[in-house]
Amino acid sequence: MALVEVRDVSKSFQSRSGVREVLKSVNLSVEEGEFVSIVGFTGSGKTTLINILAGLLKPDSGTVHVAGKNVDRIHSDAAVVFQNYSLLPWFSAMENVRLAVGAAFPDWPRDKQLAHAKKYLEMVGLGGATHRRPSQLSGGMRQRVAIARAFAAEPAVLFLDEPFSALDALTRANLQEELVRLCSVVGRRVTTIMITNNLDEALLLSDQIIPMTRGPRATLSAPISVPIPRPRTPDQLLHDHGAVRIRAKVVEFLTDFIHTSPSRASARPVPGGQLSVMEEQA
Amino acid sequence: MNSRIASILLPICGIGLVLLFWAGVSTQVPDLPSPLKTWQESKLYILEPLEKRGEMDQGIALLAYYSLLRVAKGFTLGIIIGTPLGFMLGLSKTFHKMFDPIVQVLRPISPLAWLPLGLVVFQKSEPAALFTIALCCMWPTVINTMSGVRSIPQEYWNVSRVLRLSRFQTFTKVLVPATLPYMFTGYRLSLGIAWLVIVASEMLTGTPGVGGFLWQEYNSLIYAHILLCILTIGIVGFCLDRMMAFVELKLQRSN
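Those protein sequence lines, which keep their order, are chains A and B. Once you know that position 87 of the first sequence is 87 in this note's numbering, the rest is easy, because the numbers rise by one and skip nothing. All you need for this note's numbering is the position in the second sequence, starting with 1, plus 1000.
Mixed in with the good hints, there may be bad ones.
[As the list claims (entries may be wrong)] Simulated pairs of lysine to aspartate or glutamate, DMTMM-like, Cα-Cα distance not exceeding 25 Å:
1) B:Lys1093 to A:Asp60
2) B:Lys1043 to B:Asp1031
3) B:Lys1250 to A:Glu95
4) A:Lys69 to A:Glu31
5) B:Lys1124 to B:Glu1217
6) A:Lys119 to A:Asp107
7) B:Lys1073 to B:Glu1055
8) B:Lys1037 to B:Asp1057
9) A:Lys58 to A:Asp72
10) A:Lys58 to B:Glu1155
11) B:Lys1093 to A:Asp72
12) A:Lys58 to A:Glu5
Hints were generated in silico from the structure; no laboratory data involved.
Pulled out of the complex, with its shape left as it was, chain A reads as follows:
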């Protein structure tokens, strides 16, 4: 069995205008040590999916297994990096990270927890800002703290929910590199599932890219593997034939879904949908 195994997960929400089916029979399996990106349009239910994977939401039907265990509550070996950083504003960067360390290693004395938190903050380049509050940090620095917080718990599985989407292009590129480096520095390869709407990001980081159909009733299509040798650079990915082909394949998948989804096709013309994918690449 794969490390993360999702079978037939569906989820709908009650709203005033009726039932909204967000996810419909989602299947996913991720092997240990893999980096998998789920790529899809904004509003297709990606966050709902990652919340279910992380155990924050219960699916209506279907099962999620992480390391063979059924995820019916928060998995003890998983960490999540949220889109909006989600740091606690009343604590310093250090205390935000230490809180995660304390939860993961409750038996450690406080000194050891602090040292561990400091080590990870230094790893993301925030050794000098440990005592600043989130409000005194820039967006990029906040997300660094959030990443340090996730890695400091030394999780077996890492869930990233559009971790860089709120950042400007330069900061984003920096942090992507940082993430690649962190994954290797940590020693063992952390199994990572990342949600993103940015294809370049997915190409740069992943072993596999899984396109997600547009909601409602979103589902995952077959994974597309990315056999490009590491380390990868954004420049290389623009010219590498393999990368170009994979990019084309993913875009084709995503636009195909629009063609085949009648309810959406009328609401939003095809070029619009395609354009949004293209824009995100630029």
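Based on the hints, put chain B in the right spot on chain A.
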């Protein structure tokens, strides 16, 4: 510079105008003491603020101190009851559905209505006064704490769940810090109400304090002292509110 002079001068002009109006009215109403007469008759109480001449016949600072002490006790009691009540109303839907209607009904009841009930239950004036102050002043704390808890963003709850914080940790590390600014707004409003209630409760129970003194002097036909008490109550209330506003501001800055 100009605006600084204006900010000192204008309030003085305002006070002057009000005194003038007061003096004008006092010439028409025979029983209303003029500002000058009020000062002459109250001089003793203001210039010897800590003098104790009898049970009620005391310096104004001493009387204000008794009232403040009573308010402090009642207010503390009120927020000790009100804060957890607010947390429970904010956290539990069941609890909210069960008790919110009662809260809404009890909220508008005047201190004058509670006090006799307090006297019946406690038989003594002091606990009855505290009971009345606590019961009247706790509502802003309850309501504000409740809405503070309810407006905690989902992301903080998610963080607490993802980090697998214990219930106690979630309470101390997430719930309380996130609600603190709301709680303090509630405390500030509660203190204001507690100070409002003090006069009524002292008048009815006849305990020494600004309100008790006010009522006694009314009965002794020394009307100048009524005005002295009114001014004292206003000034003390103003200072209390400024003080709480200052603490509130500090709290908001640190968050």
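Exercise for the section: Go through the numbered hints given earlier and state which of them the structure violates, listing their numbers in rising order. Expected result: none
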